[in-house]
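Sequence order for the protein chains is A and B.
Its first residue numbered 1, the first sequence is counted upward by one per residue in this note's numbering.
Its first residue numbered 1, the second sequence is counted upward by one per residue in this note's numbering.
Hint data in this document are derived by calculation from the structure and do not stem from the laboratory.
Just so you know, not all the hints are guaranteed correct.
[Said to hold, decoys possible] Taking CB as the label site, the calculated pair distances span:
#1 A:P185 - B:E59: 48 to 58 Å
#2 A:F69 - B:G106: 29 to 39 Å
#3 B:S109 - A:L55: 23 to 33 Å
#4 B:M112 - A:R208: 26 to 36 Å
#5 A:F69 - B:D38: 40 to 50 Å
#6 A:T187 - B:G106: 23 to 33 Å
#7 B:M112 - A:S189: 24 to 34 Å
[Claimed, not checked] A few chain B residues that don't get close to chain A, going by computed Cβ distances all over 10 Å:
#8 D10
#9 E26
#10 F118
[Unchecked claim] Beyond 12 Å from chain A on every Cβ pair, some chain B residues (computed):
#11 S35
#12 A53
#13 M55
Only a predicted model underlies this, so the values are computations on that prediction, with no experimental measurement involved.
C-beta atoms are modelled at their ideal positions from N, C-alpha and C, and glycine is treated no differently.
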Amino acid sequence: MAGEPTIVGLGLSPQGRRLGVSRRELRRRAIDEALADAGLHRRQVDACICIGTELEDLRYAGLTPRTSFALNSGGASPGLSVLVAGGLLATGQAEYVVCVYGEAWTGEAPRLTPHHGASTGTDLGGYSYGYPYLHGLVGPASVYALAAQHYLDRHGGGSEDLAAVAVTERSYGAVRPGAVGFGEPITVSDHQESRMIVDPLRLLDCSRPTDGAVAVVVTSPARAADCAATPVAVLGAGTGHNLENWWNGTMFRRTGAAPDAARTAFRRAGVGPEDIDVAQLYAPFSIAVLLQLEEYGFCDEGEAGAFVRGGGTGPKGRLPTNTGGGQLSGFYATGFTPLSEGILQVRGTAPSSQVPGAELCLVSGSGGNGGVQGSWAHVGMILGRPR
Amino acid sequence: MTTFRPYPGDVVADTADAVFWQACREERYLVSRCSDCDRHLWPAGACPDHGMAGMTWVEASGRGRLVSWTVVHQDYPSSFRGAPDTTAVIELEEGAFVHSALSCRGRPSVGMAVEVAFHQIGDGVVIPVFCTVGDDTVRDHRPPGVPPPGPTGEGVREP
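Isolated chain A, as found in the complex (with noise of 0.2 Å):
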């Protein structure tokens, strides 16, 4: 058996808006940076995924891997692709694996078009999701919003439930280094009187898209004891999908966390939420935290709010949660996001808010579309040390 992939190799170029750098040097650079990390030569990698809204270019990277392919599941393709990995391990395909993300968005953000049955036109896009789109319902923001509205109005909250993630994930920006938001904390007034996007999500919940690469190289057990750096393992992995949740109706109560992937991701770690010391979620807005605790059941239904409010996910809480910021305040990498910040914060390296003696983080990521709006799929892993 090849046992839990583990993670032995970190690249993570520079995250910011407009770096001024192509999206494949961007992940050359971060490939590059996780061989050193590992301690692994080039033509030892004989996997890799490629995730990212082009093909891969293993040639201009300098990769001459025996197989490759790409991954499309949005938020959730880095989970994904470290779980693929563990296959290709566990089926004798591969010794190392890199698993390389990377854009570079330059110039504006495309905007839809409606062509009214003209043989061009891009309506059918990740971000129209189809038939919303007809009602003006677009991008990913709305089926978030149409979660917190739910979220809200369930529970009685308000929109300080909200601004609180937004406020203590700036919090861990603002002393990260890099950070989209670092030196520039924010308080709730801050949030309450930014712009409204997409009712009940202001500017101040939502994350804006960055420029960046992460690279990440997974083994076996037995190989990873042989590399340079503190290995990660996945100790326990969860997949779910938020299509079900559409057909019975709880989709809007769910990022796909539960009930599936957030099980199967305990059990198979042989652990529970009360045993996790921190936690690095995808949440691209805001909501998107408080669903999650409740899914992974860090907190009961409806006590999400009030646990983040009282400093439960901050540096000194019971769960700090997305400790470089997250995806508001840090960085967007798709999973990337949560998965680089869980493998330093497992390694003991964080450049900041380093969580004092963290064993297991749960990672998490959400994307791709099963064919309703919002209806994507979702990854759970617990990381730790290798036992």
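Dock chain B against chain A, hints included.
Chain B alone, transformed into the frame defined by chain A:
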């Protein structure tokens, strides 16, 4: 009628729901149902338990309740003009969930009863819009996407 908004044919890749849109032109609200398990599903497609074989279109009551709603203030698409509509998810009486525009006076309330109305948004293009039950005034609400009357520029979203 000039419109900048997408039409039903713009947002799906095939004609699986052509029957639905034809019925909207006749002001009839259909939902797809699996005849093997009597489950109602939206959007049109295969039943998660029985596949496509038993799927049929049936007339729905056109009534339901509001599950959630939002207003998209950010000007993401170039395809809508005028003040943003309230958009919503409705649970139909038949059990299916649908995305729709919502027409109601005052702040929407999750759980409130709604019923369908039909709005023409283009030549021969009719879409369903859900309205507060019993409020005839909202049925006469301007069609989504048509700018409200008023001075030039009123209600236009900021870029």
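| Pairwise beta carbon distance, A:F69 to B:D38, judged against the given window 40 to 50 Å | Cβ of A:F69 to Cβ of B:D38: about 42 Å, so the range 40 to 50 Å holds.
| said: For the hint 26 to 36 Å, verify it against the beta carbon of B:M112 and that of A:R208. | reply: holds, 34 Å
| query | Was B:D10 rightly flagged as not at the interface, with every chain A Cβ beyond 10 Å? | reply | violated, 5 Å
| message | Given the hint of 29 to 39 Å, is the C-beta distance from A:F69 to B:G106 inside that range or not? | response | violated, 52 Å
| said: So B:A53 supposedly isn't at the interface. Is its beta-carbon more than 12 Å from every beta-carbon in chain A? | reply: Non-interface label stands for B:A53: nearest chain A Cβ at 18 Å, farther than 12 Å.
| task | Indicate whether the distance between the beta carbons of B:M112 and A:S189 respects the range 24 to 34 Å. | result | Holds - the Cβ-Cβ distance for B:M112 and A:S189, about 32 Å, lies within 24 to 34 Å.
| request: Please confirm whether B:S35 is truly not at the interface, meaning its C-beta sits more than 12 Å away from all C-beta atoms of chain A. | output: holds, 17 Å
| said: Just to be sure I understand the hint, the distance between the Cβ atoms of B:S109 and A:L55 should be within 23 to 33 Å; is that true here? | reply: The hint (23 to 33 Å, Cβ to Cβ) is violated, given that B:S109 and A:L55 are roughly 48 Å apart.
| request: Please settle this one: B:M55 was flagged as non-interface, so is its CB more than 12 Å from every CB on chain A? | output: holds, 14 Å
| message | If I take the minimum Cβ distance from B:E26 to any residue of chain A, is it greater than 10 Å? | response | B:E26 is indeed farther than 10 Å from all Cβ atoms of chain A, at 18 Å.
| Is the hinted range of 23 to 33 Å satisfied by the C-beta distance from A:T187 to B:G106? | holds, 31 Å
| field | Closest CB of chain A to the CB of B:F118 still more than 10 Å away | value | For B:F118, whose nearest Cβ neighbour in chain A is about 13 Å away, the distance exceeds 10 Å, so it holds.
Comparing the model with each earlier hint shows violations of hints 2, 3, 8; every other hint is respected.
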